[in-house]
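Chains as they are written, first to last, in UniProt numbering: chain A, 1 to 250; chain B, 1 to 142.
Hints were generated in silico from the structure; no laboratory data involved. Don't take each hint at face value.
What the hints assert, rightly or not - Okay, the calculated bits of chain B under chain A, using three or more residues with CB under 8 Å as the criterion:
hint : region
1    : 41-55
2    : 60-73
3    : 95-107
4    : 118-131
For every residue, glycine included, the Cβ atom is placed at its ideal position computed from N, Cα and C.
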Amino acid sequence: MNHPWTGPRLARVALLLAVAVFGPAAGPRSGFETMSPELRAMQQDDLANPGMLHVAEGEAQFQQQGCTACHSAEAMQGVAARYPAFDAARDGPIDLAGRIAQCREERQGRAPLPREGKEMLALSVFVAHQSRGLPLTPNPDPRMEFVRRQGEALFRERRGQLNLSCGQCHDDNAGRRLAGSLIPEGHANGYPLYRLEWQGLGSLQRRLRNCMVGVRSEPFAPGAAEYIALEAFLAERARGLVVETPAVRP
Amino acid sequence: MRAFLAAALLCLDGAAFAQNVPVVGDAIPASLTGMPGDPARGRAIVLDRQRGLCLLCHSGPFPEERFQGDLAPSLAGAGTRWSEGQLRLRMVDGRRLNPDTIMPSYFSTEGLRRVGRAWQGRTVLTAEEIEDVVAFLVTLRD
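Just chain A, same shape as in the assembly:
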């Protein structure tokens, strides 16, 4: 599957050639680019972007929760751009929220935070925001390659009563309309993000759960390995797009 001439490397060579021949439009396109001008303006203006309130909340939490005993905000720069990472302690991949939970529970000995709770989202959005503008450069740890391949298999597998795969919408039909919604390429470069439909900030796992429930499939449990594998594949698929956190989406 990872044969050098059919695997991601070939795709990257092809991508480089395509960029050389057709210009930069051939690379992955962020959901940002297909949004209305109003929404793009809302994302880009820190005073109008509702996600920025959560970033500020996260900055306060970062102090209050004692993260600064070990980390500075500056040291968080670039972290989100290379997650998920391989965690030696659990001998498996870990996403950003998982790392925050690990620091809190194992290093600080405190009670777990719910993944979609206000505090976890605020801490995650604050940390991820420190990478805003940096290109996604997926973790080069060779042990992540296996995880990415698992993620790709999940991305291509048809599921649910409607029997659709992620790829059938986001590769084959991106740019078309599913009823009123423009199908984006499905890149995860802006999470956690503010979604108008949610009227609030939400995680990537929430987004993936929505897509799964949309095809009448049983979503995975919060924090499940499957989500982290999907995230690892999505990061590779979006390689080079810049982190937008906190993005705004319809």
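With chain A fixed as given, assemble chain B onto it according to the hints.
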């Protein structure tokens, strides 16, 4: 006798049932219920975004409906292009015509993975609803 047979078949779930549906060429000529469907009910199902879901992917001659999808051909003229039996097979299990189709199989649970708890063992539409939709589609004559 015929009504009894239809009732007995309907007790089976869609997977078992769909396997017993007589496919002739690219069509299922006979009604799944042994009765003709009701086009008015069929129209309501097609327009219903929780039941038919058709407008997620298709557009059609429904000017009052906003937000129609463009992942699939327009339903306008479907009744001119296809016979009733061809439309029925397309609704029951389009994979028999195109294994890669993205159109859901509305009356088969075969080969599905990770179906949500609320939907397990159920087909998207019932036999009666399929007949209603087919009866409506044959009226779409451009």
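These are the hints, each one checked on the structure:
no., hint, verdict
1, 41-55, "holds (count 3)"
2, 60-73, "holds (count 6)"
3, 95-107, "holds (count 3)"
4, 118-131, "holds (count 4)"
When the structure is compared with the earlier hints, no violation turns up for any of them.
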